[in-house]
Amino acid sequence: LSHELGSYCARLFADLGAEVIRVEPPGGRSDRRRPPPLAGAEPTVFGGIPFAFLNVNKKSVTLDATSAAGRAVAKDLIAASQVVIHEPGEGSGLELAEILAVPGRRVVTSVSHFGLTGPYADFVGCDLVAQALGGIAWLSGEPAKPPLRLAGQQSIFVASLYAAAATALALWHSEAQGVSHVLDVSAQEAIAHSLQNAIQVYDLEGRVSSRGGEGVRDATESAFACKDGYVFLAAPLSLSASWSGLLAWFREEKFDGLARLQEPDWADRPTRATAAMKAEFRPLFERFIADKSKAELAAEALKRKIVMAPVSRIADLQLDPQLVFRRFFRKVALPGLGREVAFPGAPYRLSEPLWQIHRAAPRLGEDNESVLGGIAAKQAGR
Amino acid sequence: MYPDFLKGIRFVDLTWAGAGPFSTKLFSDFGAEIIKVESASRPDPVRVGGPYRDAIPGINRSGYFASRNTGKHSFSVNLKNPRSIETIFELIRHADVVSNNFGPGAMNRLGLGYEAVKAVKPDIIYLAMPMYGENGPLANLTGVGMTISAVTGLMWQTGYEGEGPLGPGTHFPDHAANPYHAAFAVVAALRHRRATGRGLKIDLSQVESTLNCMGLSALEYAATGTEQDRLGNRSAHHAPHNIFRCAGEDNWCAVAVLDDRQWQSLCKVIGASNLAKDRELATAKGRLAQVERVEAAVIRWIADKDATDAMMTLQAKGVPAGVVASSRYLMDEDKQLAYRGYWQKVDHPEIGEARFTSPPYLLDGERVELRRPPLLGEHTDAVLKEILGYTPERIAALRGEGVLE
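Going line by line, the protein sequences match chains P and W. When the letters of the first sequence are read in order and numbered with the working numbering, they come out as residues 1 to 382. When the letters of the second sequence are read in order and numbered with the working numbering, they come out as residues 1 to 405.
Calculated directly from the structure, the hints in this document are not laboratory data. No residue lacks a Cβ here, since even glycine has one placed at the ideal position from N, Cα and C. Some hints here could point you the wrong way.
Interface residues of chain P toward chain W, partial, derived using beta-carbon atoms under 7 Å [claimed, not checked]: (1) 135; (2) 183; (3) 201; (4) 208; (5) 288; (6) 322.
Use the sequences and the hints to build the structure in full.
Here is the structure:
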């Protein structure tokens with residue numbers, strides 16, 4: 001019953017062979033229409049791009065939960081389930097209380113932006129708002145500019161990952177002990193749980209961590225422009241092999257910037273984190289790498305044990321030599337598009353082939369017949 | 001509540017630093033016995049990285065370490081001493097899970113590779129989580145969390161419009177994507193073992209794990225051939241959708257309009273009746289075409305408002321809005337987290353009472369309570385005595401030989 005924050009959670013179970021059934025109103029749930037669309041595909045039927053990724057391996061049935069017959073079928077489905085993923089805010093047609101009233105043992109996981117209780121329980125959320133109130137936007141960006149949200153709708157993934165791990169543990173216990181559990185997962189809390197050490201920095205030392213690691217992050221830790229894009233470098237004194245590897249490289253290439261970096265102020269950690277040192281290091285290093293490509297720099301990083309890697313564009317990902325070697329991407333036929341596209345492969349590899357993509361995201365009501373049987377599907381009043 | 005869901009499950013946990021321990025913490029919080037294998041001569045880097053209680057360094061004073069290791073048992077040995085590996089193997093015979101997040105080959109060099117462990121404990125669940133995977137041309141690339149952001153496109157796409165890539169301000173993949181994909185896989189493996197009697201090896205490449213969290217961008221490129229440019233806090237599909245400066249120094253509020261109804265509500269709140277009536281702005285497409293004008297109206301209204309007041313006013317009318325919360329705001333001012341009892345106090349012999357984030361959910365209406373993190377080597381003797389039945393004399397001898405630290 002998820003439509004945003006719980007979708008990836010349910011997919012993680014589906015990828016390991018669980019039968020995951022999306023229960024949708026006759027017109028489809030709103031996540032099918034989330035942009036961007038798949039060119040030429042009717043979004044209500046096929047879903048857009050986010051839908052296609054988040055709903056792989058799932059089934060879809062349609063039910064008119066405003067009718068008594070439809071509600072009865074929905075409750076039958078819940079009665080036959082070990083896990084229900086619920087997300088408030090949109091017409092599953094069933095309230096959480098009704099789901100919890102269905103007899104039987106199961107785990108009911110509700111995933112929402114702010115949780116089911118408290119003064120913000122009815123707030124309208126979205127990725128930007130969750131990243132703001134969760135505290136991650138504050139930590140990103142540059143000091144003189146606004147805080148910055150992360151790309152890629154990260155609140156969905158953070159909330160879903162915490163929800164999935166907790167749901168799996170609750171299911172483990174439910175199966176062993178024959179008990180039911182209810183989880184009330186908050187995306188805000190999940191993001192606030194993932195702020196590196198910012199919480200402890202404030203609690204124990206009274207300092208507020210701010211964006212870009214201002215005053216903390218080393219001058220060398222950043223993305224730098226090279227010949228064909230950007231590389232990320234980290235060579236603080238705490239990564240001593242990286243720093244010494246960098247200096248040795250400068251020496252070998254007789255780079256005239258070396259002398260400056262051997263002066264005493266570059267041996268002092270707090271000094272290295274100041275804006276002045278950042279302003280000095282950037283042009284120096286960018287001059288050094290101006291004629292070097294991302295691939296050349298990756299090879300040097302590997303050889304010299306420098307913490308340095310290409311800042312990959314999205315278009316680069318499928319060409320990443322490591323990912324190619326490991327055959328990471330998986331071709332999946334998208335019915336809405338009429339062709340195969342490359343999906344990210346397994347997030348972890350198991351020694352048995354338990355993780356699989358065996359079907360694309362479902363068309364609306366694609367599994368009505370097989371899941372509900374003919375009569376029930378008619379009852380549901382498509 | 002202190003859930004005992006995993007009572008009887010034991011980890012020999014060699015993970016250290018950020019992502020690995022954050023993953024195994026979930027299991028100690030749910031009642032598993034996590035034997036954290038540590039070393040005094042080569043301590044977990046987050047034990048010797050801040051913050052510390054009152055900014056005074058100490059091996060048991062790190063808040064970062066504390067937040068990643070609640071409820072674990074610390075078993076301190078010198079891994080360079082071959083006898084320590086014998087002891088670890090004895091523990092593995094009594095364990096369900098062996099976990100590490102070292103680089104490729106490191107466990108083999110210690111003699112603790114999967115095959116060696118499996119030979120001793122055939123149904124072991126073995127979690128490895130090297131950055132780029134265990135094999136391949138870049139497997140030995142060294143990196144930190146931000147390196148993972150770099151090679152997965154997250155850094156490329158995160159930045160201000162018209163400027164270079166910045167990426168997250170933290171080692172973001174270390175704090176959710178990788179620990180929680182790993183934790184999910186371990187629970188799945190435990191369940192698989194319960195059903196089949198067979199263990200599993202889990203090879204989690206942190207890059208591959210994080211790439212799934214970039215799945216929407218990756219699939220957009222695969223399906224359309226175009227990649228989204230950096231947009232700051234704006235959206236390619238909605239307007240307004242940005243973070244706006246409020247009254248005071250460095251106070252901000254996120255405001256987003258995701259549908260046309262929310263647009264009308266926003267216009268009413270900010271007193272922009274002329275914009276509400278403008279038919280060109282009635283759709284997202286029209287608002288995106290005039291995004292500067294739309295944002296200017298929000299700026300005029302919000303610039304002298306308190307960020308929390310602005311959020312409350314907008315939310316009361318159904319407009320998505322949220323204060324950009326700092327750690328201080330989250331801990332001292334956020335009413336939602338306070339109401340839900342998110343911050344819990346845990347006492348510790350050296351850190352004293354400190355505030356921790358709770359697991360981010362209510363379980364059966366209650367908070368999962370945390371047990372304090374261990375002092376270095378706090379449980380070494382108890383582990384040897386209670387699990388392996390060693391006598392005090394034998395333990396003293398091992399300590400004398402430099403096996404225990």
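Query raised in the report: Going back to the hint list, which numbers does this structure go against?
Result: 5
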